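Chemist: Now for the letters of each chain:
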Amino acid sequence: MTENTLESVLSGVRVLEIGGGVAAAFAAHFLAGYGADVVRSEGPEDALTHDEAIYLCAGKRRIVAAGPELRQLALAADIIVEDGKPGTLAAMGLDPNGLRAEKPALVIVSITAFGQDGPYAGFEATNIVSFAMGGLMSLTGSPDREPLLTGGNQAQYLGGMNGFGASVTAYYGALMQGEGDWVDISLQECAAGMLELYGPGSASTGAGAQMRMGNSVRAVWAIYPCADGYAGVCALERQVHALFDLLGDPMLNEERFRDPFQRAENDDELQAILYAWFAQRTRAEILALSPIHKVPFGAVLTPSDLLASKNLQARGFFDSVTTPEGVARMPGRPFEGFLWTMGALHAPGMDTEAVRRDWIAGVPA
Amino acid sequence: MKKLPLDGIRVADLTMMWAGPYATRVLAEMGAEVIKVESPRSWDNIRTLIPQPGKDDPWNSSYYFNDYNRDKKSLTLDLAHPRGRELFLRLVERCDVVIENYRADVLDKLNLGYEVLRQARGDIILVSMAGFGKTGEERGHVGFGPIIEQMSGLASLSGYGDDGVPYKTGISYGDPVAGLAAASAVAMALIKRHRTGEGTYVDLPQRETMSTMIGEAFVAASLRGEGPQHYGGRSPRWAPQGVYRCSGEEQWLAISCRTDGEWAALAGVFARPDLAELSLAERRRRHDELDAVIAAWAIEREPLGAMMQLQGAGVPAGRVLDSDQIHDDPQLAARGYWVELPHPRMTPWKQPSTSWRLVEANPQLRRHAPLFGEHNDEILGELLGIPGVERQALAEAGIIGDSPINPGVG
Numbered sequence: 001m002t003e004n005t006l007e008s009v010l011s012g013v014r015v016l017e018i019g020g021g022v023a024a025a026f027a028a029h030f031l032a033g034y035g036a037d038v039v040r041s042e043g044p045e046d047a048l049t050h051d052e053a054i055y056l057c058a059g060k061r062r063i064v065a066a067g068p069e070l071r072q073l074a075l076a077a078d079i080i081v082e083d084g085k086p087g088t089l090a091a092m093g094l095d096p097n098g099l100r101a102e103k104p105a106l107v108i109v110s111i112t113a114f115g116q117d118g119p120y121a122g123f124e125a126t127n128i129v130s131f132a133m134g135g136l137m138s139l140t141g142s143p144d145r146e147p148l149l150t151g152g153n154q155a156q157y158l159g160g161m162n163g164f165g166a167s168v169t170a171y172y173g174a175l176m177q178g179e180g181d182w183v184d185i186s187l188q189e190c191a192a193g194m195l196e197l198y199g200p201g202s203a204s205t206g207a208g209a210q211m212r213m214g215n216s217v218r219a220v221w222a223i224y225p226c227a228d229g230y231a232g233v234c235a236l237e238r239q240v241h242a243l244f245d246l247l248g249d250p251m252l253n254e255e256r257f258r259d260p261f262q263r264a265e266n267d268d269e270l271q272a273i274l275y276a277w278f279a280q281r282t283r284a285e286i287l288a289l290s291p292i293h294k295v296p297f298g299a300v301l302t303p304s305d306l307l308a309s310k311n312l313q314a315r316g317f318f319d320s321v322t323t324p325e326g327v328a329r330m331p332g333r334p335f336e337g338f339l340w341t342m343g344a345l346h347a348p349g350m351d352t353e354a355v356r357r358d359w360i361a362g363v364p365a
Numbered sequence: 366m367k368k369l370p371l372d373g374i375r376v377a378d379l380t381m382m383w384a385g386p387y388a389t390r391v392l393a394e395m396g397a398e399v400i401k402v403e404s405p406r407s408w409d410n411i412r413t414l415i416p417q418p419g420k421d422d423p424w425n426s427s428y429y430f431n432d433y434n435r436d437k438k439s440l441t442l443d444l445a446h447p448r449g450r451e452l453f454l455r456l457v458e459r460c461d462v463v464i465e466n467y468r469a470d471v472l473d474k475l476n477l478g479y480e481v482l483r484q485a486r487g488d489i490i491l492v493s494m495a496g497f498g499k500t501g502e503e504r505g506h507v508g509f510g511p512i513i514e515q516m517s518g519l520a521s522l523s524g525y526g527d528d529g530v531p532y533k534t535g536i537s538y539g540d541p542v543a544g545l546a547a548a549s550a551v552a553m554a555l556i557k558r559h560r561t562g563e564g565t566y567v568d569l570p571q572r573e574t575m576s577t578m579i580g581e582a583f584v585a586a587s588l589r590g591e592g593p594q595h596y597g598g599r600s601p602r603w604a605p606q607g608v609y610r611c612s613g614e615e616q617w618l619a620i621s622c623r624t625d626g627e628w629a630a631l632a633g634v635f636a637r638p639d640l641a642e643l644s645l646a647e648r649r650r651r652h653d654e655l656d657a658v659i660a661a662w663a664i665e666r667e668p669l670g671a672m673m674q675l676q677g678a679g680v681p682a683g684r685v686l687d688s689d690q691i692h693d694d695p696q697l698a699a700r701g702y703w704v705e706l707p708h709p710r711m712t713p714w715k716q717p718s719t720s721w722r723l724v725e726a727n728p729q730l731r732r733h734a735p736l737f738g739e740h741n742d743e744i745l746g747e748l749l750g751i752p753g754v755e756r757q758a759l760a761e762a763g764i765i766g767d768s769p770i771n772p773g774v775g
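Read top to bottom, the protein sequences are chains U and X. 113 is the number that this note's numbering gives to position 113 of the first sequence; each next residue is one higher, with no gaps. Residues are numbered in this note's numbering as their position in the second sequence, beginning at 1, plus a constant of 365.
Don't read these hints as lab results, they were simulated from the structure. Please read all numbers here as calculations on a predicted model, not as lab measurements. Don't take each hint at face value.
[Stated by the list, open to error] Below are the DMTMM-like pairs computed for lysine to aspartate or glutamate, each with C-alpha atoms no more than 25 Å apart in a straight line:
#, chain 1, residue 1, chain 2, residue 2
1, X, Lys367, U, Asp305
2, X, Lys368, U, Asp305
3, X, Lys367, U, Glu102
4, X, Lys368, X, Glu747
5, X, Lys474, X, Glu458
6, U, Lys294, U, Glu325
7, U, Lys294, U, Asp305
8, U, Lys310, X, Glu502
9, U, Lys85, U, Asp117
10, X, Lys420, X, Glu705
11, U, Lys310, X, Glu458
12, U, Lys294, X, Asp470
13, U, Lys85, X, Asp625
14, X, Lys368, U, Glu102
15, U, Lys85, X, Glu725
16, X, Lys367, U, Asp95
17, U, Lys294, U, Asp228
18, X, Lys367, U, Glu254
19, U, Lys294, U, Asp351
20, U, Lys85, X, Asp693
[To be verified] Where chain U lies over chain X, by a calculated footprint (3+ residues, C-beta under 8 Å):
#, stretch
21, 534–547
22, 560–573
23, 587–599
24, 670–681
25, 715–727
Backbone N, C-alpha and C define an ideal beta-carbon position, used for all residues, glycine too.
Okay, chain X solo, but in the shape it has when bound (with noise of 0.2 Å):
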C-alpha cells in the first residue's frame, strides 16, 4: 500500500488550544506520529472548555478536544520540573519535528528554545505559533483566534454595511488558519532539512498569517488608498448576489449571479422575462428591486430544493448549512467525509476527515483522541527505555500521571 507523504516522521507536540492541535492534526492525518505533551499541572485546557458537571474523567470525554486531537498519542511530562524537562529532551533526540503554540515568552523560561532543543538534536526542526510574533515591539501581546482576526484586518473588512460595524467572522478563525500554515511549515522543513541536512527554526506570528488571507484589500490601501468597506452579502464584481431566507426556521440561500448568461438563467426560474436582460450595470443599480424578486421566491421554498433546482438552471446557489444539517449534507455523505471512530468513553459521533485527499495514499482517520496520559507507557518505556521501576516513581511525583493534578474549568 502506498504510505503517507509524513510516514515516519514523529511530532513532539507541545500545542494546546485550537490552532496548535489543528496544526498537529492534519501532520497526523498526512501520516506522522503526533506525540501530545502536556503536563499534569497545565494541560490542554479544551479538554475541559464546555463542563459536564457530573462526569467522571471529563478531561477524557470532550467532544471540543476529540475532534482536534484524534490520530495523537498523549504523553505526560511536567516540564517545569528538572526530571520532567530531561525526559523532554531524551524525546526531542527521538523527534523529528517539535512544535507549541505558548505565549511568546514561555518556551524560553521553561529552558526549551531552539538553541537548547539543537543540543539534543543536531537537525530539529522548530515551529513557533505565538499571535504576534517571537521578535518585535508586539510579541507580548496575548491573543486567540478572535483577537488575531481583528489585529489582521480581516475584521475589518466583513460587516453588513449599513451601520459602519465590523464583525467576527463565527468562529476563533485565526485558529485553524494559523494551524494549516504551520503544518505548512512542517512540511517546507522537512524539504530544507532533504536537501542541505539542516533544522529550522519557523517564527509563525498567527496575525500576520492571517493577513495573507486579505491581500487584495492591502493593495486597494496601498496604491489608492481605499478604506474597508463592508458588501454584507454583495458582491463588489457581479449582481445580483446576497443570501435570501427560505421557509422554515432560519433556512437561508446564497445566491450568486456572475454573468448576464446566470442572471437570464435566474430570471427564468422566477418567471420574470422582463428582468432577463438586465446589464450588469441595472442589476447593480436595482439590486435592491432584484433582492425583494428573489426574497420572494425564496421564501416560498424549502432551501434543498431551491438549490437544486437554481443550480439545474446553471446558478451558482447553495444552503447556509448550519452546524447541524452539514452532517447530513448530501455531498459531504458521498463522499464519505463524516467518520465515526470508536471511542471509550463517549457515542460515536461524525468527525470530519482530512481535508486533504490524496487520492492514491488515501489517509483514513485512525484512533479517537488519547485518553489523559494513555502512552506513557509506550512512549516512555519502549521509546525512551525508563523501566517501569522509574516510571512509577515518576507517577508518585506527579511528573507524569493518567488525570490531571488540578481539575478545574478551562
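Pulled out of the complex, with its shape left as it was, chain U reads as follows (with noise of 0.2 Å):
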C-alpha cells in the first residue's frame, strides 16, 4: 500500500507510468513524493541505469502487466505518464483518444522526441539527439571545440519537469471541468522555447545564429579557475560598480570599463584582472562576498559537496533510500510547501499482485 498520508495534496491520486524512460519516470518521481499513488508499469529492463532506477523508482509500485489487463488499470488511473514512441500505447491497446472518450477525466501526458505528429516522429532519439535538435548543444560549450552536451540526461529531464507540471495543470483542469485532456510533450520543443535571448534574438533582428561563448558570456558573466576549483560571477550593471569595488583595482575606475558599451571594447583586460582575482581565492571564500556585497558570485559545486552542506541538511533537502548496496542520499522536493515523503524502493513486479487488488478488483474487464 502507499505509505503517504492524508495530508499528501495528492493523496488518493492514482498515477499509471508507463515505458519508465528518464522522462516518464522523473514526471511520476515528483507525483509520487507528493503523495500520488504511483504505479510503473515497467519497460525495458535498461529502460533506466541503476543509480537512475535509485532515484526515480524510489515510492512507487511496480508492476508487470500487458494487454487486457493494463487497459483496465490505465482506465482506474486518474493521469497516464508515458514516453515510448508515437503510436506505443495504441499497440498495446491503450490508443489514448480512446482511453479518454471511455474515461472523459483521464489525464494522459505523453512524452516524445519530436511529439506525435510530423515528418520526425517516428525518428530515433537519444538524450543528446534531443538536446541537439532542441538548440541548446549548439549554445553549450567552447567556441574553439566541438559543441558539448551538458551533464546528465538534460534535454530527457526537461520532458520530465514539463511533463510533471502538464501532469498537474491538466489534472487540476479535470478536477474543475471534469474533464482531463491529452497533453503531447516533445523533447524538442521543450527546449527550442527556452533559448534565452538567443533564440528570439535570431528569429527577429536577422543577426543570424549566436555562437556558443564557452564559459565566457562576457568578463562579469563567467566562470573562472580559483584556488581550490571554479568559481564564477555574473554580475548584471547594477552590480557590476560593487564588483569593482571588491576587485579593488584603481584602473577599473576609468571610464572605459563604467563605461558599459567602452567596457565591452575592454572586455579582454577585465578578464585578465578577474582572472588573477579569482586564482587568489579559494570558493569558500568567494560564496561568501555574495550575500555582504549582494554581487552575484558562485563555485562550481559536486554533489559530494552538496551532500556535506549543512545548510541543505539543515533545509531537509535530501531523501534517503535504502539499498542493497547502502542507503542512498539524493535530492527531494522541488520546491517546499506540500508534504513530501520519499516512500521505499521496490523490486520490478513484486506490486503487480496488491495493484490488481487495490485498483481493479471487482471492476467489470
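Using the hints, put the two chains back together into the complex; each one sits in its own frame.
Modeler: In C-alpha cells form, the structure reads like this:
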C-alpha cells in the first residue's frame, strides 16, 4: 500500500507510469513524492541505469502488466504518464483517444522526442539527439571545440519536468471541468522555447546564429579557475560597481571600464583582472562575499559537496532510500509548501498482485 | 469549445528577469489571466537588457522581453509607496496567486509577506522563487541562472573530459527549470485549495530545484563516493556516441548508437562490414578509431541529408540546430510550433508556442507582451473601480505610469 498520509496534496490520486525512461519516470517521481499512488508498469529492463532506477523508482509501486489487464489499470488511473514512441500506447491496446472517450476525466501525458506527429515523429532519439535538435547544444561548449553535451540527461529531465507540470495542471483542469486531456510533449519543443535571448534574437533581428561562448559570455558573466576549483560571477549593470569595488583595481575607475559600452570593448583586459582575482581565492571565500556585497558569485560544487552541506541538511532537502548496497542520499522535493515523503524502493514487479487488488478487483473487464 | 485548465485563475505576477516570467508565461499559456506588476521606478530590467540606441520607448520593443511575457497584462504600481502597496493588496483580494522571484529579503521589506497577503485574501497562493530559499544560512546569496547551475552540482558534471574544466550550459539554464517548477507548484497549490479550501506558501529554492535534474549523480556520490566524470559527447552507457562536424561552417551532427543493431546499421552506412560485428566492449575500447571513421563520413556531408540518411537506417541522429536554423526546422514547422504575433512596435518574428500541447483544449498564443502600463486603466478602473480622476493623480505622483521614471541600461 502507499505510505503517504492524508495530508499529501495528491493522496488518493492514481498515476500509471508506462514506458519508464527518464522522462516519464522523472515526471512521476515528483507525483509520487507529493503523495500520489504511482504505479510503474515496467518498460524494457535497460530503460534506466542502476542509479537512475534508485532515484526515479523509489516511492512507486512496480508491476508487470499487459493486454486487457493493463487497459483496465489505465482506465482506473487519474493520470497516465508515458514516454513511448508515438503509436506505442495504441499498439498496447491503449489508444489515448479511445481511453479519453471511455473516461473523460482521464489525463494522459505523452513525452516523446519529437511529438506525436510531423515528419520526424517516428525518428530514433537519445538524450544527445534531443539536446542537439532542441537548440541547447549549439550554444553550449567552447567556441574553439565541438558543441558540448551538458552533463546527465538534461533533454530527458526537461521532458520530465514539463511532464510533471502538465500532469498536475491538466489534472486540476479535470477536477474543475470534469474533463482531462491528452498532452503531447516534445523534448525538442521543451528546449526550443527556452533559448534565452538567443532564440528570439536570431528570430527577430536577422543577425544569424549565436555562436557558443564557453564559460565566458563576458568578463562579468563567466566561470573562472579559483584556488581550489572553479567559481563564477554573473553581474548585471546594477551589480558591476559593487564587483569592481571588491576587485579593488584602481584602473577600473577609468571610464573605459565604467561605461557599459566601452567596457565591452575592453573585455579581455577586464577578464585578466578577474582571472587573477579568482586565482587567489577559494570557493568558500568567494561565496562568503555574495550576501554581504550583493554580488552574484557562485562556485562549481559537486554532488558530494552538496551532500555535505549543513545548510541543505538543515533545510531537509535530501531523501534517503535504502538499497541493497546501502543508503542512497539524493535530492528531495523541488519546492517546499506541500508534504513530501519519499517511499521505499521496490523491486520490479513486486506489487503486481497488490495493485490488481487495489485498482481493479471486482471491476468488470 | 473546451476550456484551458487554468481558465478563470488570476495571477498577480511580481516576477522579473527570466525564471519567474518563464513560469508565468506557462501559466498564461494554460489559460490564466496574468497581471504583470512593475513599479515605474523598479521594473523588469529584461526590457532594456539589450541596448537599442536611438529607439523611442525601447522598453516596449525588446524581443527578449516579448518572448517571455506574451499573453500577460501590464500594471505599473510603485509597491514602495503606501498608496501603491494598498492598491496592490486590493488587487490581491481579486487574485488566486501571487508569484515573485525577488531576492529573498525583498518581499518582506515591502511588508508584503505571506501573512500580509493572507489578510487581503485568506486562501491566497504565494510562490516565492529565491535562488537559495527563504530559510537557512545561504538565503542571503544572490544569483542568476548560471550561478544556480554551478551551485546545484550540474556544472561539475559537464565537460570535454580531457582538461578537467567544468562547463556552463549555453543559456541561464537554472531560470527556465525553476520557472517550470514554479508553474507546476501553482497547479499543485490549486489542487490543494480545491481539496481543502486552503492557500499555500511555496518556497521554491532555485538551486535545489536544479539539483533534482541530476539525482543519479547524488546516488553515485552517496553510495560509492563517485565524483563527477566528464564524458564530452560520449555516453557512459553505449558507444559510439558523439557530435561530428559536417560540411559548411559550424555544422554538426549528433550520432548515438545504443545497440549492436544500431551500430551494424551505422557501419552499413559507411560500407564498413569489417566493423559491423564489433561488440559494445570493443566499440568502447576503439571509440577514438570509430570516431575517426564517422568524422570522415560526416565532413563530406551536409547535416540535414546526413541526419535523414542515418534515421532512414534506424540510427539515432540529430542536427545540432543553431539559434537561427531552429526556426526553419521541418519538424517544428510541421507542428506549427513557431507563431508570428502582431506587435504595435515590432515586426513579427517566430515565437515559440507552448510545449504543453493539450490535444483537445489546443492552447494558442493570444497576444504580444504588453506595453509598459498598458492595462493600468483596465485593471485599476474596471477591476478595482478606481475613478479616472484618481488614476490621473496616481500617474502625477509617479505611483503608476506608462513609461519608466528611470530609463537606463538594465
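Chemist: Hints first: check each against the structure and report whether it holds.
Modeler: Status of the hints after comparison with the structure:
Of the pairs offered as hints, the one joining Lys367 (chain X) and Asp305 (chain U) is violated, with about 49 Å between alpha carbons and a cut-off of 25 Å exceeded. Between Lys368 (chain X) and Asp305 (chain U) the alpha-carbon distance is near 47 Å, which puts this suggested pair outside the 25 Å criterion. At roughly 17 Å between alpha-carbon atoms, Lys367 (chain X) and Glu102 (chain U) fall within 25 Å of each other, so this suggested pair holds. Simply put, Lys368 (chain X) and Glu747 (chain X) have alpha-carbon atoms about 24 Å apart, close enough for the 25 Å limit, and the pair holds.
Distance restraint check for Lys474 (chain X) and Glu458 (chain X): the Cα-Cα separation of roughly 20 Å lies within the 25 Å cut-off, and the hinted pair is therefore satisfied. The hinted pair formed by Lys294 (chain U) and Glu325 (chain U) fails the criterion: a straight-line CA distance of about 43 Å is larger than 25 Å. Of the supplied pair hints, the one linking Lys294 (chain U) and Asp305 (chain U) holds, its CA atoms being roughly 23 Å apart against a limit of 25 Å. For the proposed pair Lys310 (chain U) and Glu502 (chain X), the alpha carbon gap of about 9 Å is at most 25 Å, so the pair holds.
Taking the CA atoms of Lys85 (chain U) and Asp117 (chain U), the gap is about 11 Å. The hint holds against a cut of 25 Å. With a CA separation close to 22 Å, the supplied pair Lys420 (chain X) and Glu705 (chain X) stays within the 25 Å bound. The hinted pair formed by Lys310 (chain U) and Glu458 (chain X) fails the criterion: a straight-line CA distance of about 39 Å is larger than 25 Å. In summary, the hint linking Lys294 (chain U) to Asp470 (chain X) is supported, as the alpha carbons are separated by about 12 Å, within the 25 Å threshold.
Restraint check for Lys85 (chain U) and Asp625 (chain X): the C-alpha separation of about 20 Å stays at or below 25 Å, so the hint holds. Taking the CA atoms of Lys368 (chain X) and Glu102 (chain U), the gap is near 20 Å; set against the 25 Å cutoff, the hint holds. Of the pairs offered as hints, the one joining Lys85 (chain U) and Glu725 (chain X) holds, with about 20 Å between alpha carbons and a cut-off of 25 Å not exceeded. The hinted pair formed by Lys367 (chain X) and Asp95 (chain U) meets the criterion: a straight-line CA distance of about 21 Å does not exceed 25 Å.
About 23 Å separates the Cα atoms of Lys294 (chain U) and Asp228 (chain U), which keeps this hinted pair within 25 Å; it holds. For the hint linking Lys367 (chain X) to Glu254 (chain U), the alpha-carbon distance of about 61 Å lies beyond 25 Å, and the restraint is violated. Only pairs whose Cα atoms come within 25 Å are accepted, and Lys294 (chain U) paired with Asp351 (chain U) is rejected, the gap being roughly 52 Å. Restraint check for Lys85 (chain U) and Asp693 (chain X): satisfied, since their Cα atoms lie roughly 24 Å apart, inside the 25 Å limit.
Given a C-beta distance limit of less than 8 Å, the hint that chain U covers the stretch 534–547 of chain X holds, as 11 residues qualify and 3 suffice. Taking a C-beta to C-beta cut-off of 8 Å, the stretch 560–573 of chain X contributes 8 residues in contact with chain U, enough for the three needed, and the coverage statement holds. Coverage of the stretch 587–599 of chain X by chain U holds in this model, with 10 residues showing a Cβ closer than 8 Å to a Cβ of that chain against a need of three. For the stretch 670–681 of chain X, the stated coverage by chain U is satisfied: 4 residues place a CB nearer than 8 Å to a CB of that chain, which reaches the threshold of 3.
For the stretch 715–727 of chain X, the assignment as covered by chain U holds, since 12 residues bring a beta-carbon within under 8 Å of that chain's beta-carbons and 3 suffice.
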